[in-house]
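Undergrad: Which chain is which? The protein sequence lines are A and B, in order. Under the working numbering, the letters of the first sequence match residues 1 to 623, in that order. Under the working numbering, the letters of the second sequence match residues 1 to 623, in that order.
A hint or two may mislead.
Repeated chains share a single entry, so a pair holds when one copy, or any two copies, can fit it.
[Said to hold, decoys possible] Below, in silico cross-link-like pairs of lysine-lysine (DSSO-like), each with a Cα-Cα straight-line distance of 27 Å or less:
id, residue 1, residue 2
1, Lys586, Lys551
2, Lys477, Lys268
3, Lys600, Lys268
4, Lys315, Lys264
5, Lys175, Lys205
6, Lys586, Lys503
7, Lys299, Lys487
8, Lys264, Lys477
9, Lys205, Lys236
10, Lys600, Lys295
11, Lys59, Lys315
12, Lys236, Lys145
13, Lys175, Lys59
14, Lys63, Lys145
15, Lys600, Lys264
16, Lys145, Lys299
17, Lys494, Lys63
18, Lys518, Lys600
If you are wondering where the hints come from, they were derived from the structure by calculation, not from laboratory data.
There are 2 protein chains.
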Amino acid sequence: MSVTSPAGPSAATIDAIKEKARRLAILSMMSTTAAGSGHPTSCMSAAELMAGTFFYAMKIDPKNPNGNDSDRFVMSKGHAAPILYAALAEAGLFPASRVMTLREFSSELEGHPTPRIPGVDAATGSLGQGLSVAAGLAIGARLDKSPTRVYVLLGDGEMAEGQIWEAAAFAGYYKLDNLTVIADVNALGQSQPTMYQHDMEVYRKKFEAEGFATEVIDGHDVAAVLAALDRAKAAKGRPQAIVARTVKGHGFSQVAGKENWHGKPFPKEMLAQAIQERGGPIDVPADPGRSYERKSLPKPPDFPAPAAPDYDPGKAVATREAYGFALKRLGAVNPHIVALSGDVKNSTFSEIFQNAYPDHFYQGYIAEQNLVSLAVGLAARGKVPFADTFACFLSRAYDNARMAAISRSNINLCGSHCGVSIGEDGPSQMALEDLAMFRAIHGSAVLYPSDAVSTERLTEAMARRAGVNYMRTSRPKTAILYSKDEKFPIPGFKVVRQSPQDKVTVIGAGVTLHEALKAADELKAQGTGVRVVDLYCVKPIDGNALAEQIKATGGRLVTVEDHWPEGGIGEAVLGALSQAGSPPAKYRMLAVRDMPHSGKPDELVEAFGISARHIAAAVREIA
Amino acid sequence: MSVTSPAGPSAATIDAIKEKARRLAILSMMSTTAAGSGHPTSCMSAAELMAGTFFYAMKIDPKNPNGNDSDRFVMSKGHAAPILYAALAEAGLFPASRVMTLREFSSELEGHPTPRIPGVDAATGSLGQGLSVAAGLAIGARLDKSPTRVYVLLGDGEMAEGQIWEAAAFAGYYKLDNLTVIADVNALGQSQPTMYQHDMEVYRKKFEAEGFATEVIDGHDVAAVLAALDRAKAAKGRPQAIVARTVKGHGFSQVAGKENWHGKPFPKEMLAQAIQERGGPIDVPADPGRSYERKSLPKPPDFPAPAAPDYDPGKAVATREAYGFALKRLGAVNPHIVALSGDVKNSTFSEIFQNAYPDHFYQGYIAEQNLVSLAVGLAARGKVPFADTFACFLSRAYDNARMAAISRSNINLCGSHCGVSIGEDGPSQMALEDLAMFRAIHGSAVLYPSDAVSTERLTEAMARRAGVNYMRTSRPKTAILYSKDEKFPIPGFKVVRQSPQDKVTVIGAGVTLHEALKAADELKAQGTGVRVVDLYCVKPIDGNALAEQIKATGGRLVTVEDHWPEGGIGEAVLGALSQAGSPPAKYRMLAVRDMPHSGKPDELVEAFGISARHIAAAVREIA
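Start from the sequences and build out the full structure, keeping to the hints where you can.
TA: Have a look at this one:
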């Protein structure tokens, strides 16, 4: 059905697309009525746009719709999932009857799209993220020198999200001319009309300001839609925006353009009237059929072992710097790696990778939401993305990380400058909640290396591991702890000090691991043996293995972290030990409890309760 | 020094401002050199802009710079803190010698601004948030019918943050003509030049597209700066943007316009040269003097008790709906309340408040970052903001909540539609990490009412409590549990089922509290007594009081939450009990462990392990 002709689409083509639009609209209405929930009016405004995009512009291989030779589509306005599913069905990916299982407990066709569904690359439903995902797919296609295109459908309500404009600026700056944005401007948000309603010029100016080849069309005029799609394909050197004036609930007079119909399915009698107005019933077999859930989701591609870390054991190296060296070593053996930074590559050291592989590095500028969702798009094309910024600024992208997990995406995030140990910059730059944040991301790994060697090995592990992987790096230089042959399994931890008479186990990581070693040495000199554990993997934790260590010290435990008390190492350990049936007998949790301020790193570590002195005092309390 | 003349500033005024600019630049350089860290070149590009704003345009009362009769200034590019401090010193808020204590451990003048410092309303340092704060201050001034103005200085690197454009759209839409944006476009970001460098027309178009009265000027031409400030003051009906072309490191030839000088103080010899080029030394007394830390920070104003909740004990009411009624009742006794919603007022029920007090409600549209930072601005003017959206979408504003805590801000956030119990919409709309998120916000309260009565009492408690207060509400209707006279202290919990022979304590909240009651009733009928605790306050927790309950059931405990296992009720309880020296003897943590999908609420609660059936099974395991 994809036919692009220099003379423009024929009358027959236009009619065929009109019929597709009709069918998509009706299937959206039918499926939401059957489900008893969903957003039919949000689908109806997009019917002609979806029909034109799927059945005129895009080239989709129904046998491999997520493959790198298919054009890709992102439904950024995720609540219009029903019409996406209708389009995928019409495109031959599964029967239309499957669409009727929308929102059922046992159906892969969920209320909002997820990659369980063929043809869907990333979960949407949290608005404003899809253009970033599309830009990531577009960069991926460019890196692959693929002629495929990326299309993304935006709603106008969601264009209030700043991330849309981060992504638009990025796409414009990088001249992603394989990217077409279609904006469904139906003037009505969830609770009331949008800010600009049908002032189309506002949207035109916004996209033009970002460097898009932009046009405004009537989104229900199929000939206009198809002509715009043709012109978009022909536009070189700029991404394109087709800003379509549409009507929410278009095609059914009882709801078209009326407020208070967002997210409301039509009762059965209304549905019958709607179908009538929309040209009469379509055939949908009754049998829902089997599930079409994708059998396997993308996993990071395997790659040969990189060169071993080669640090001089006598020289301190910051884990943030080791991250940069790690990326560079990985880049030599893994051509899929793409690094992205939020204008801090000289602080996070991804610039070491950039200098070696400049074509595989993208400057994200100061726009963290876009940074993380770009990674999701890249991963959907088989890339292995590593995105970095200060750990505290990843909190700007928490919803993006959350959606990445729902997307079953394989992305790697590195947050530097964790904790009070960054020093004089003060609390706005100190991540003290990032362990809690990333532990609460489904399926994540949370890694917190304490030296350069483990940093390199864990960065490699991230590139191999599916899911959302987060690494926390520190600003200060720290001593090398491990030989280059040491292995760092996930889950796992290292016992870095032990003796048969250890009285207390102290668990730390990063800067506090080194403080714990200082404390242990001091206590040992005074006759108290302390077992020190480097919890380089904060999630997942093997509670049974950890419990063994604490049992060996009579159940006496101190945890110490450059992080708030909530949700970090202490609570993770307590949870894991409790799960293993071995809660500590005597326990002290050292963490940052008061709001920090500026100061030298050492001053702050001492003042905020996580220094060697505090650790030693806690050990003495319970030994 | 604030002189606005219809004929424009006199030559003497211009010279005086030039001298101020010189002094501000020099003090920025001196203080960062003394500190050994900081961002002098980012200050130097803003010297004339700051001088003009502070000493020509703004009316500041040095005795009450944070008072509602002062013009307000937000340093959105927070790393330019030194020049802000220099300006505040020149304005008479504290001696210039105090500025020389920049970044010292014992100084209130931190690396990035916080409200510990007179004249500072909100902490900045995480870029892109200041325009939203300024818009909140501007709305506050408008609500107070105050003629005061708000000025905000943006950097160009930070204009890549989408939140800037959320805030700009908001300001333009609401025609905040008491708001002047000054953009310091110095072309150089942290790690490399910005996207647009000195293409000033891009910025002009962006601000014009948002409805700002916009002009582009040479940011080092004092006469031009002052004239632009005059025109901004005269602009009616639109916010204003003065987009200034500047040079990073302006005034010192060794660094002006050169890359690689971001965040680098000048060594002593260079400083001497810089001062020389900038016109010679200024006098700064050696004695740093005492601290000028603000003695008291804003607290929410007291107010009379609202009308009591009046629910029919026999009718189920969703806690999300009770929130709306609560706001309305509060609005009748507290004129400072302002409600804001992210286009979901009909789902979160803040529309109940809007209908009663339309002038105190602002539609935030779908822009959660802006929503939360607006609240910070409002709070700085003594308002009591309540901002709402779906709980999962508050993850879009996590950095904003983080900065609100550093701001010691008094804001109230309500997140609805928590957990799998929302049903068919699926995981993109389900908050499963919000308890972890908000527990890890310094000084926060995390409230999770299980019925309408407690919802109302806790909403009132939020309006009285300083800090970041978060309430999690549920979608489904639930039974009334409490009489209208019940009190809900913070911290606190309610024992809703107990008997002398209780075998196990079950702690739940929200939907799982009701599941726990079902389970308890079933188990009681089978002869097993179960104590049920409603943990309506998840943070803070009185560990000793809770430990008493669990001791009464022999240390046997089940926690159950519509949330991931990480960082939520289970870990909070474990941490509190451990802190109290009373870890549970036998413990089962019920939580959502697998990625959910669509389905009916009851189906999902059952399938994802948190239903009455699962609770009863867990109790039997350990009873």
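Undergrad: Are there hints from earlier that the structure breaks, and if so, what are their numbers?
TA: Of the numbered hints, 11 and 17 do not hold.
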